[in-house]
Every structure is written in structure tokens, then in C-alpha cells.
Amino acid sequence: MAHPEDSSKPRLATGCRWGAESKTGSTEERTILFPEGAIKLQGTGLQVLERCDGERTFGQIIEELQAQFSVADPAKIRADISQFLEQLRNKRVVDY
Amino acid sequence: MIQGLLIEDSKALMIPNPLALIAEITHRCPLHCVYCSNPLELAAVDSELSTAEWIDIFQQSGRLGMLHAHFTGGEPLARPDLVELIAGARAAGLYTNLITSGIGLTEAKLKALVDVGLDHIQLSFQDSREDSANWIAGAKAHAHKIELSRIIRRHKIAFTVNLVIHRQNIDHLDEMIAFIEQLAPGRMEIAHTQYYGWALQNRGALLPTRAQLEKAVETVAAAETRLAGRIRLDSIVPDYYARFPKACMGGWGRRLMLINPSGKVLPCHAAEVIPGLEFENIRKQELEYIWRQSSSFQRFRGEEWMPEPCRSCERRAEDFGGCRCQALLLTGNAAATDPACSLAPAHSIVESALAEANSSAAVSQPVPAASFAQLQQRASHRWTYRTNPEKGSG
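If you read the protein sequences in the order shown, they are chains C and H. For the first sequence, this note's numbering begins at 2 and goes up steadily by one. For the second sequence, this note's numbering begins at 177 and goes up steadily by one.
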């Protein structure tokens with residue numbers, strides 16, 4: 002199982018957690034802390050990870066973001082988010 | 177369209193804040209590993225920082241923008257106040273990582289640590305084979321570590337298994353990876369020995385042959401693919417065999433601060449070997465001052481100090497001229513290009529160590545497990561075990 006499936010429930014992997022909130026200019030940022038590293042998130046990345054709460058399914062997350070970014074190609078949104086989550090899973094930051 | 181800046185990959189920061197604190201809380205250790213990265217001169221027990229001093233350091237670290245606190249030693253569990261220290265680091269907003277041999281860790285102690293917010297535990301193994309593992313560690317620790325990893329899996333905490341590889345165990349790397357796999361950590365770190373401190377003393381017995389190394393690289397690559405999504409595999413390559421040097425600590429004074437058991441603030445584990453540098457003590461100076469203004473942290477920061485061929489090298493912002501301590505240890509000059517670099521004027525020093533490693537025919541085999549005293553005696557012709565710090569002053 003490489004890509005998340007529609008029924009997968011993405012969540013932060015064990016031992017990964019949110020760090021402090023901050024701002025760069027007017028852009029809101031949040032950090033995810035994990036063993037040996039951290040990811041600073043803003044914009045879409047932040048929107049995706051904030052929805053990876055272990056309750057929403059991947060399908061729901063995609064729908065919510067497709068609705069929010071209705072000008073973008075829905076297929077591209079799906080592909081981008083799927084790839085993003087798979088990368089984070091390989092880093093053991095996200096599980097699904 | 178996905179925006180996520182990986183801080184670990186970020187290169188653009190001009191005058192960055194430090195990212196992580198390495199808290200070397202004691203040099204006491206129940207193991208005697210022949211490749212220990214601690215300095216040969218260990219900090220005495222009665223010079224160790226107090227609980228309150230460490231908690232103040234964590235507060236300062238949080239204010240300075242650090243994200244992680246790595247608890248190491250020696251063996252951090254040798255400090256009876258470890259639970260308070262982890263709690264103090266968490267309260268300062270830091271992600272807490274315990275790097276441990278597991279000796280002295282019971283389930284009750286682990287639970288207490290997790291309850292106050294320990295985020296990550298990194299358990300070191302010396303081998304998959306018990307006799308060989310105990311031979312390297314100079315202590316009977318292997319069976320306990322296996323039991324402990326079962327306990328760790330029952331808690332909500334990130335779990336890394338760390339394995340140091342070298343000439344004596346590299347031939348059965350496959351077996352060691354399979355062994356770690358069944359311990360089911362989230363992350364596996366396979367590190368080739370780095371030649372500082374005790375490991376440099378014992379280099380002749382530890383440096384692998386080129387054939388051993390090439391086979392190991394293939395083994396690691398195959399394991400990485402096979403384990404993807406289950407266990408993250410991070411490997412550290414041996415710089416002696418590389419074309420270019422490692423970006424040691426991500427560059428001098430660029431990302432990390434290390435505080436030793438007696439409060440000395442260093443840019444890395446080995447920096448004390450460099451003569452002529454005055455290292456500040458946290459008992460006398462604020463952490464922020466030390467980071468921004470101390471002469472020791474500024475000494476090799478940036479590019480001003482660089483000799484040729486580093487100064488005009490296009491890789492200078494990637495590897496920062498390699499490791500200052502290795503330059504000192506091998507050439508006698510801390511400001512020389514790291515001899516591990518194939519472009520370094522002193523590269524022949526590394527080449528001759530490699531020639532020696534590749535000339536001796538057989539890889540010596542471990543002696544059977546025994547008491548530390550017996551091990552020490554039997555292996556004395558081969559290497560020096562790490563000792564322990566003085567109990568009293570001095």
C-alpha cells in the first residue's frame with residue numbers, strides 16, 4: 002500500500018507532533034516536529050496536515066480541499082495531495 | 177502547489193538560529209564501546225551541571241528558537257533526575273529525544289518519561305549476535321536491549337534503533353537489518369563508525385575494506401526500498417571512502433549547540449580537541465551570547481576562514497570544507513581542508529589509512545562473550561575500550 006486510499010485515515014505518525022505557531026509576514030505557519038527533523042508548513046500543506054486527524058478519510062480531505070480550491074483542477078489536487086502524503090509516510094511523519 | 181519547507185533541507189538561512197541542542201548530561205556509561213565519540217578526557221562526575229542549571233538551559237534554548245533537545249552522554253539514564261530534565265525540556269517547547277543504551281531503563285521508568293513528554297527514544301544496538309555485541313560494548317547488554325524494545329513498542333513514542341557498523345560486523349549487515357526489522361522501530365539508523373575519540377584510537381580494527389563497504393551500500397539500498405512506508409532507514413556513509421567530505425554538524429555553528437556534562441558549550445562532540453579555542457561555559461554566559469558572539473562559535477562559521485581549495489570550491493556552501501575536528505586530528509591544523517576530501521592537499525593521509533585497511537587479509541573475528549575485565553584483557557592487542565570519568569575532582 003503506497004498511495005493513500007479513499008478510506009484511509011491519515012494521521013501524524015507516533016512520536017510526531019505539532020510545534021509552535023508562527024508567522025512569516027502575514028502568512029500563518031505551523032511546524033510539525035518529528036525525530037531528527039521538522040517541517041514548517043504554510044498554505045496548502047498546512048491545510049492538508051491540519052485535516053490529518055485520524056478521523057477524516059483521505060476521500061473527505063480531498064473533497065474539502067477541492068471545494069476550497071474550486072478553481073484548480075480536482076484531479077491535480079488529488080494527485081498532489083496523494084503524493085505529498087506518501088512522501089511524508091516514507092519519512093514516517095504520517096501514517097494511513 | 178503543496179507548500180512545506182523541510183527545515184532539515186533548508187540551505188538559504190543567512191544567520192540562522194540553532195535548530196537543536198545536544199545535551200550531554202553525563203559522561204558516565206555502563207558500556208565501553210570501542211567507537212565511542214566522547215572525548216578521551218571525560219568530564220568528572222562532580223563537575224556535572226545540576227537539575228536547575230539544565231532546566232534553565234532548556235528555557236534559553238526554547239527562546240533561541242531551537243526545536244529539538246537530544247539527551248545523550250554517556251548514558252543519560254545514569255542521571256537520577258532524567259525525568260525532571262525531560263519535563264523541563266518539554267515545558268520549554270522542545271521535542272525531546274533520548275539516546276540510550278537502555279541500561280537502567282525499566283518499564284516503570286519509561287512510563288514516567290513518556291508521561292512527562294518524552295517524544296522519541298533512540299536505542300543503540302552493537303550487533304545482531306549477542307557475543308559480538310557484548311564484545312564491542314565491553315558489557316553484557318544485548319539481551320536487555322531486546323527485551324526493552326518490546327516494552328518501548330507498547331508506548332506512544334517514536335522509536336529509532338541505531339546500529340553502528342564497522343569492519344567487525346559489516347559482513348553480516350543483512351542479518352543485522354533483519355534483526356532490527358523484527359524489533360519493529362519506526363526508524364532505523366545505520367551509521368558507519370566516524371573516527372574521533374575512542375574510534376580514532378581503534379581505527380585499524382574498525383575501518384572496513386572497500387569490498388565490505390560496497391557490499392554494505394547495496395544492502396542498505398535494497399533494505400531502504402523493501403522497508404519504505406514501514407521503517408524509515410537513514411544511513412550515514414563513511415567519509416573516508418567518499419569523494420567529498422561530510423557537512424559536519426551541518427556546518428560549524430550553523431545548526432547545533434552541544435553542552436557537555438560540566439557546562440562547556442561546543443559546536444560539536446569533538447571540538448575540544450582543537451587547540452587555541454576558548455569554549456564558553458553556560459555557568460558564566462548566556463546561550464544566545466555564546467551562539468551569536470563567542471569567538472569559538474564564530475571561528476569556522478561562514479567562509480572567511482577557508483583555505484584553498486575550499487575557498488573557491490563550488491561545493492563550499494554544501495559541505496563547508498568538511499569537519500574541523502577531523503582536519504585537526506589528521507593534519508594537526510583545524511583550518512585545513514578535511515583530508516577526507518579527494519581535493520584536499522592532505523588527502524594522502526586518508527588514502528594511506530585506506531591502503532592499510534585494504535591490505536590486511538582477514539577480518540578478525542570476535543572473541544566469545546565474557547566479563548568486561550576478561551574482554552579487555554583478551555582484546556587488548558586489538559583495541560582500547562572506553563573508560564569512565566573520574567568520580568572525584570580532576
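Note that these hints are calculated values from the structure, not bench results. The structure presented is a predicted model; accordingly, all values stated were derived computationally and were not measured. Be careful, since some hints might not be right.
As the list claims (entries may be wrong) - Label pairs and their calculated CB-CB ranges:
{"#": "1", "chain 1": "H", "residue 1": "VAL393", "chain 2": "C", "residue 2": "GLN61", "range": "38 to 44 Å"}
{"#": "2", "chain 1": "H", "residue 1": "ARG487", "chain 2": "C", "residue 2": "LYS24", "range": "33 to 39 Å"}
{"#": "3", "chain 1": "C", "residue 1": "GLY44", "chain 2": "H", "residue 2": "GLU566", "range": "50 to 56 Å"}
To be verified - Just some of the chain C residues that point at chain H, by a computed CB distance under 7 Å:
{"#": "4", "residue": "THR15"}
{"#": "5", "residue": "GLY16"}
{"#": "6", "residue": "ARG31"}
{"#": "7", "residue": "LEU34"}
{"#": "8", "residue": "PRO36"}
{"#": "9", "residue": "SER71"}
{"#": "10", "residue": "PRO75"}
{"#": "11", "residue": "ARG79"}
To be verified - Simulated crosslink set (DSBU-like; lysine-lysine; CA at most 30 Å straight-line):
{"#": "12", "chain 1": "H", "residue 1": "LYS316", "chain 2": "H", "residue 2": "LYS332"}
{"#": "13", "chain 1": "H", "residue 1": "LYS391", "chain 2": "C", "residue 2": "LYS10"}
{"#": "14", "chain 1": "C", "residue 1": "LYS41", "chain 2": "C", "residue 2": "LYS24"}
{"#": "15", "chain 1": "C", "residue 1": "LYS41", "chain 2": "H", "residue 2": "LYS332"}
{"#": "16", "chain 1": "H", "residue 1": "LYS285", "chain 2": "C", "residue 2": "LYS92"}
{"#": "17", "chain 1": "H", "residue 1": "LYS422", "chain 2": "C", "residue 2": "LYS41"}
{"#": "18", "chain 1": "H", "residue 1": "LYS285", "chain 2": "H", "residue 2": "LYS422"}
{"#": "19", "chain 1": "C", "residue 1": "LYS77", "chain 2": "C", "residue 2": "LYS10"}
{"#": "20", "chain 1": "H", "residue 1": "LYS316", "chain 2": "C", "residue 2": "LYS92"}
{"#": "21", "chain 1": "C", "residue 1": "LYS10", "chain 2": "C", "residue 2": "LYS92"}
{"#": "22", "chain 1": "H", "residue 1": "LYS287", "chain 2": "H", "residue 2": "LYS316"}
{"#": "23", "chain 1": "H", "residue 1": "LYS332", "chain 2": "H", "residue 2": "LYS285"}
{"#": "24", "chain 1": "C", "residue 1": "LYS77", "chain 2": "C", "residue 2": "LYS41"}
{"#": "25", "chain 1": "C", "residue 1": "LYS10", "chain 2": "H", "residue 2": "LYS422"}
{"#": "26", "chain 1": "H", "residue 1": "LYS440", "chain 2": "H", "residue 2": "LYS422"}
{"#": "27", "chain 1": "H", "residue 1": "LYS440", "chain 2": "C", "residue 2": "LYS92"}
{"#": "28", "chain 1": "C", "residue 1": "LYS92", "chain 2": "H", "residue 2": "LYS422"}
{"#": "29", "chain 1": "H", "residue 1": "LYS287", "chain 2": "C", "residue 2": "LYS92"}
{"#": "30", "chain 1": "C", "residue 1": "LYS10", "chain 2": "C", "residue 2": "LYS24"}
{"#": "31", "chain 1": "H", "residue 1": "LYS422", "chain 2": "H", "residue 2": "LYS391"}
{"#": "32", "chain 1": "C", "residue 1": "LYS77", "chain 2": "C", "residue 2": "LYS92"}
{"#": "33", "chain 1": "C", "residue 1": "LYS10", "chain 2": "C", "residue 2": "LYS41"}
{"#": "34", "chain 1": "H", "residue 1": "LYS440", "chain 2": "H", "residue 2": "LYS391"}
{"#": "35", "chain 1": "C", "residue 1": "LYS41", "chain 2": "C", "residue 2": "LYS92"}
{"#": "36", "chain 1": "H", "residue 1": "LYS285", "chain 2": "H", "residue 2": "LYS316"}
{"#": "37", "chain 1": "C", "residue 1": "LYS24", "chain 2": "C", "residue 2": "LYS77"}
All residues carry an ideal CB built from backbone N, CA and C; glycine is no exception.
Legend entry - Earlier hints that do not hold, by number: Violated hints (numbers, rising): 6, 9, 10, 11, 13, 18, 20, 25, 27 and 34; every other hint is consistent with the structure.
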